[in-house]
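**Q** With the hints as constraints, model all of the structure from the sequences given.
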Amino acid sequence: MDTAHGNYSLSVNGQIIFCDYSQGFNIEGVRKLTHDILVLASSMDEWGLFQNPDESAGIVHNAIVEMMSSYVKLQNAGCKAVAIVENSIFVNAGIRYHPKELTMPIRIDKDGKMLLAWLETELKKPCE
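In terms of the working numbering, the numbers along the sequence shown are unbroken and rise by one, the last being 298.
FYI, nobody ran anything at the bench for these hints, they're computed from the structure. A quick note: this is a predicted structure, and the numbers were derived from the prediction, not measured. Any given hint could turn out to be false.
[Unchecked claim] Computed list of lysine-lysine pairs in BS3-like fashion (alpha-carbon distance at most 25 Å, straight line):
{"no.": "1", "residue 1": "Lys202", "residue 2": "Lys243"}
{"no.": "2", "residue 1": "Lys280", "residue 2": "Lys295"}
{"no.": "3", "residue 1": "Lys270", "residue 2": "Lys295"}
{"no.": "4", "residue 1": "Lys283", "residue 2": "Lys295"}
{"no.": "5", "residue 1": "Lys280", "residue 2": "Lys294"}
{"no.": "6", "residue 1": "Lys243", "residue 2": "Lys294"}
{"no.": "7", "residue 1": "Lys270", "residue 2": "Lys243"}
{"no.": "8", "residue 1": "Lys270", "residue 2": "Lys202"}
{"no.": "9", "residue 1": "Lys243", "residue 2": "Lys295"}
{"no.": "10", "residue 1": "Lys283", "residue 2": "Lys294"}
**A** Right under this line is the structure:
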């Protein structure tokens, strides 16, 4: 039985993985999404993540730390930056739980076009 909660679809365009998602995510849902993103990214050295939640997107409280640790896993797998469209009240849920090893930039804004341009700029920056 699949105990993962949360709906999402993933696609790739160039060096950017696009993630559209909705509904409430639990820990298993966060892990499944992270796994699927890592599989998509496995053939790329450097990439960015563009997250576009709909207004129903959410996360259960006990999955927030898992979500933030998943960003560290993505960073370690070559993700250079994350852009999140601010369509859901939950997009800022992880701010208080930001792990110190998470150093890649994460930008949240309502303007998806601006975020995409920012993400493309981040991908052009040389590795440090």
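**Q** Hints first: check each against the structure and report whether it holds.
**A** Hint check results:
| no. | hint | verdict |
| --- | --- | --- |
| 1 | Lys202 <-> Lys243 | holds (13 Å) |
| 2 | Lys280 <-> Lys295 | holds (24 Å) |
| 3 | Lys270 <-> Lys295 | holds (22 Å) |
| 4 | Lys283 <-> Lys295 | holds (19 Å) |
| 5 | Lys280 <-> Lys294 | holds (23 Å) |
| 6 | Lys243 <-> Lys294 | holds (21 Å) |
| 7 | Lys270 <-> Lys243 | holds (13 Å) |
| 8 | Lys270 <-> Lys202 | holds (24 Å) |
| 9 | Lys243 <-> Lys295 | holds (20 Å) |
| 10 | Lys283 <-> Lys294 | holds (17 Å) |
Checked against the numbered hints given earlier, this structure breaks none of them.
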